[in-house]
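Chemist: Protein chains in written order, with this note's numbering: chain C, 1 to 565; chain D, 1001 to 1311.
Check the hints yourself; a few may be wrong.
Covered by chain D, according to a simulated footprint, are these stretches of chain C (three or more residues, beta-carbon under 8 Å) [unchecked claim]:
(1) 133 to 144
(2) 252 to 262
(3) 350 to 364
Away from chain D, derived, C-beta distances all over 10 Å, residues of chain C [claimed, not checked]:
(4) Ala178
(5) Leu183
(6) Pro208
(7) Leu379
(8) Arg391
(9) Ala473
(10) His476
(11) Gly516
(12) Phe528
(13) Gly549
(14) Arg559
Simulated crosslink set (EDC-like; lysine to aspartate or glutamate; CA at most 20 Å straight-line) [to be verified]:
(15) D:Lys1306 to C:Glu355
(16) D:Lys1306 to C:Asp254
(17) D:Lys1284 to D:Glu1298
(18) D:Lys1036 to D:Glu1056
(19) D:Lys1036 to C:Asp254
Keep in mind that the hints were calculated from the coordinates and are not lab data. Ideal placement from N, C-alpha and C gives every residue a C-beta, glycine not left out.
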Amino acid sequence: MKNSNAGAPAVCARPAISAPLLMLLATLGLLVALPIGFVALQAVFPAINTGSFARPFSSFGTALGDERTLPLLFNTLRFGLVVAIASVLVGVPLGALRGLFRVPLARLWDLLFLAPFLIPPYLAALGWMLFLQPHGYLEGMVGFHLGRFLFSFNGVVAAMTLNVFPVVYFSVSRALAAVGLRLTDVARIFGAGPWRSVLRITLPLVLPAIAASALLTFIMAIEEFGIPAALGQRAGVELLVTSIEQRFSDWPIDLSGASVLSLLLALLALAAFFLQHRLLASRNFETHSGKPVAATPRELGPWRWPVLLAFAAIAAAATIAPLFAIAATAFTRTLSGGLNAGNLTLGHFSALWNEGEGAGALATSLGLATLTALITGTLGLLSAWAIVKTRMRGRALLDALTLMPHALPGVVVGVGLILTWNQSFWPVTPYNTWGILLLAYSCLLLPYPVRYASAALRQIGDNLEAAARVHGASMHQVMRRIILPLTAPALVSSMLIVFAIASRELVNSLLLAPSGVQTVSIYIWQQFEQGSIGDGMAMGVVTVLVSGGMLGAGAYWSRRFSAAP
Amino acid sequence: MSLSFGFAAEHANALTVYTAGPGSLGKKLAQGFEKKTGIKVDLFQATTGKVMARLEAEADNPHADVLISASWDTARDLDKRGWLLNYESPNAAHVPAMLKTPAYVAQGVSALCIVWNMRSGLPEPRDWSDLAQPAYRNQVTMPDPALSGATLDLLLGLQARLGKQADALFENLHRNGMVVLGPNAQALNPVLQGAKSAVFGAVDYVAYGAVVSGESIKVIFPSGGTVVAPRPMMILKTSRAQNEARAFVDYVLSPQGQKIVADAWLIPARDDVGSDRPLLKDLKLLPQEGAATPVQHEQTLQRFSKLFGQR
Chain C
1 MKNSNAGAPA VCARPAISAP LLMLLATLGL LVALPIGFVA LQAVFPAINT GSFARPFSSF
61 GTALGDERTL PLLFNTLRFG LVVAIASVLV GVPLGALRGL FRVPLARLWD LLFLAPFLIP
121 PYLAALGWML FLQPHGYLEG MVGFHLGRFL FSFNGVVAAM TLNVFPVVYF SVSRALAAVG
181 LRLTDVARIF GAGPWRSVLR ITLPLVLPAI AASALLTFIM AIEEFGIPAA LGQRAGVELL
241 VTSIEQRFSD WPIDLSGASV LSLLLALLAL AAFFLQHRLL ASRNFETHSG KPVAATPREL
301 GPWRWPVLLA FAAIAAAATI APLFAIAATA FTRTLSGGLN AGNLTLGHFS ALWNEGEGAG
361 ALATSLGLAT LTALITGTLG LLSAWAIVKT RMRGRALLDA LTLMPHALPG VVVGVGLILT
421 WNQSFWPVTP YNTWGILLLA YSCLLLPYPV RYASAALRQI GDNLEAAARV HGASMHQVMR
481 RIILPLTAPA LVSSMLIVFA IASRELVNSL LLAPSGVQTV SIYIWQQFEQ GSIGDGMAMG
541 VVTVLVSGGM LGAGAYWSRR FSAAP
Chain D
1001 MSLSFGFAAE HANALTVYTA GPGSLGKKLA QGFEKKTGIK VDLFQATTGK VMARLEAEAD
1061 NPHADVLISA SWDTARDLDK RGWLLNYESP NAAHVPAMLK TPAYVAQGVS ALCIVWNMRS
1121 GLPEPRDWSD LAQPAYRNQV TMPDPALSGA TLDLLLGLQA RLGKQADALF ENLHRNGMVV
1181 LGPNAQALNP VLQGAKSAVF GAVDYVAYGA VVSGESIKVI FPSGGTVVAP RPMMILKTSR
1241 AQNEARAFVD YVLSPQGQKI VADAWLIPAR DDVGSDRPLL KDLKLLPQEG AATPVQHEQT
1301 LQRFSKLFGQ R
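Between the sequences and the hints, there should be enough to build the whole structure, so can you do that?
Modeler: Shown next, in the form of structure tokens:
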């Protein structure tokens, strides 16, 4: 990654690996490299868990030769591609409208499309199921159901698309808002038709943004566990991610098969990730005027109503329907009783507290999420600073380590952590304590603070630090008085995102939670599998409120902070 | 949340219990036991499939002291591997002979049933084969025997009793559009909401629990007979807290513990503890054949999953 002002003299550190950097590298190695290394080792040496290096690579033959593996790979690839295409089809038009025109209620749509950060995907999937299946809430309201559609390949694709398309939407709308219509206007003055000017000028300018965000939706789709796990079985859709979880956690278990599939999935995701990274790196918005200026969005005129309808329809399907189904199930006494006043109850909420199980799960999740946010925030700021502001050797490695988890499927990290820490040779192991969950969440979510912090750091001129150092400030003082305050808003928002995701992470929680520890996601999942779905949905409502509240507070706080003089 | 970071010493007194079945039952037993003895219990609760997988994954470095599975067969398998500690609890004196061996004893018993949504408008099913009738086309769900220990026992029971006829029954069910859906509640949920009309081979205690909370479903024991799934409770040889483990087994088999079991709508293992639901003597059972070997067991599962197209 290029330093923001490569020409300037090095400000802070000598080009040598310093002790703090070494510690940072070691920590990240432990957090990121070790579990990945063990997945690879287990895949190569099938008997490594008993301390033997016998029969190297034999499980590749077994797993790849297995008649079920190739269809799994193919299914996963197809699923990811179709979701990416569908996300472009939904996200680009909506994003373009939002970026270029004055869309009524624009802020509301943005808010509703942020739902994936609010509603955990597995919860949304359960919501769609309760809403769309035969005799579901939809049928109760309008007399027909979409069960046949939902429980099919296309249905799972639709559910996933509604969960990930906002990535495309936000990327495109932001890119277009920055590019604006000025250049198109110029083209039109010189006689190009409206279509021609859009096709020849606007589109090429945002094409990298579209392609990069589409690749991101591909990665998200092949990694996400909750949606295929909730809907996939009934739809006969089996993907790598669910199959890995199954091999690892259903009896009889298949360690090396799971590792080989994990490796396949990781390679698939990494390939897409590097492609995406290169696209973003080559992306160049420099148009002739230099900085993009805020363009005034155009009026939609008579198109207002159809556009409004399109936004409303997508928001209803993506956010309102699942939220409604979750809330409705949480507040109704019996599922078979359906939606009516006599069937309303708060019983599921009191059940969360009565037996202590739900409340305990909530406390555990919130505690773990807080710790994860603190750890990733600290590591993220330090890493970002070392990467952006220093010339130290080893920066590239640090950069790679901090970004890696972004490309790693959650299930692979979980598998890696089990393989790493369930070995008997460690004198001390976090396995079978809640510490292993902390490791998993921290590894997976580290990239958020790193990205946010480095973006903020790049905007701080090096002369600020230099000036402080000239005036005799110590490194520590520079960090505390200059770097920290200037990066705080970005860092805090990223930590809140980490908190929101960590408080409801599913697949690692299922794989790694030790006996006696229950998280919110496990609680909801178990209620769905073995208990009362009403209790599970009550927990879902609480979760959505908590993470919504946190994100809202975060947005408010960081806006105030950046507005402050 | 315990703050120890893998230091076994700190856990010397705590007991780790792995249990299949409803979390609330495990939790209540653990709480009752903690209150009575002051010994802390770490509970891992999941489906039988997941509990067994965890046990297997930790074979090198075992953590569980007491294991409660939902499949008698898994206990037999572990016993054969020599993993279990023999223990006869004094409280097991009231447990009928068919529900105990030297190495394991039933915590309680569930029976496999048909669950029928009374608002479905379909004729009330009486026997397993009714669900293969055209009236029930695309209307039936079944828990996954790979995940649910009790369902596995039903599969093995039907196979042992009916032989080829069992194969034909499942083929008909498959042709009639029955879907296999995860563990118990996951198969039951669509029937509660009315998306499907009946569950083939549900465990009865989950269904009774739903009836009590007001769901309009009926628990039906098939006229041809059904299978009971005693839930074996066992102590692992590798347990580092064997005295505590024995105390736990004693507690579960005490009248107090059995009351908690009965409250979860399971048939108590002790014959001197009553319940508001049909007991063993009230059920018509398919003769429970002798042990299925692990090989048969795996073959049955494989045949089943091939037929229903998963894994």
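Chemist: Need the list of violated hint numbers for this structure, in ascending order.
Modeler: 11, 12, 15, 17, 18 and 19
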